[in-house]
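Asker: Sequence:
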Amino acid sequence: MMERYLESALAAAAAAADEIMYYYRGEFAVELKADQSPVTVADRRAEEIIKGMLLTDFPQHGFYGEESGKQRDDAEFLWLVDPIDGTKSFVGGYGMFSTQIALMHRGELVLGVSSAPAAGEVAWAARGHGARLDGAPVRVSGRSSLAEATVSTGNLQSLARSKQWANLGRIFAAANRTRGYGDYYHYHRLAAGQLDAVIESDVNILDIAALSVIVGEAGGVFTDLHGAPPDLSTRSVLAATPGLHGQLLEMLND
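When we follow the working numbering, the leftmost residue of the sequence shown carries the number 404, and every step to the right adds one.
Check the hints yourself; a few may be wrong.
Straight-line distance between alpha carbons at most 20 Å, and here's what the computed PhoX-like set of lysine-lysine pairs gives [claimed, not checked]:
hint, residue 1, residue 2
1, 454, 473
2, 436, 473
3, 436, 491
No lab work stands behind these hints: they were computed from the structure. Quick caveat: nothing in here was measured; it's all calculated off a predicted structure.
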């Protein structure tokens, strides 16, 4: 059955990609939501397409979308969808945006599809089936020494206001190199073994649900900044190789 869920999610992501790229760098209005984040017709149309396809295939499932909110979130299976994660990038005309589709079963994330149409890159994973990037199996690196590791960060506003900020500085000082790739991009690179850790403090579950499955199935460890596994309330991320995650968790919370 997992293969059928994955097939449907990949088809929905591909259909959404066609719609998103139709609007990309075109003329469209940009509105601001209550939280001051932008939304466009492409966000709404892509989510309608994904929702329609998934709920046609699985009408008994729940749905939680960035634009349409929760429907039947008490269902045994719940689809979590961000049609354009990185709308500011989409509006700005640079390609650091993606479509995120995840499936949760009784509170556990079991499937993820991360499609970056401007980059022509798709990652996916299902629990127990491994992770793939553009069809090829991927695996996190075996690095366990921070002195040899690359650490990438995304949103950090709340971390910058916390006591952990100085601890993050010590991680940066000890790492081989630091980057700030953000959005889907550094999670794809982590899953493919091309960098070794990702730290973010300002996310929501729709941003990272699919990516958590992909990184986990690639052999990585994916938690929040305090070591808790992702759930609907997750607001931060510490994702890393198995050899680095414990070290980074301890350093951040020392």
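Asker: Taking the hints in turn, state whether each one holds.
Answerer: How the hints compare with the structure:
1. 454 <-> 473: holds, 11 Å
2. 436 <-> 473: holds, 17 Å
3. 436 <-> 491: Between residue 436 and residue 491 the Cα gap is close to 13 Å, so the pair holds against 20 Å.
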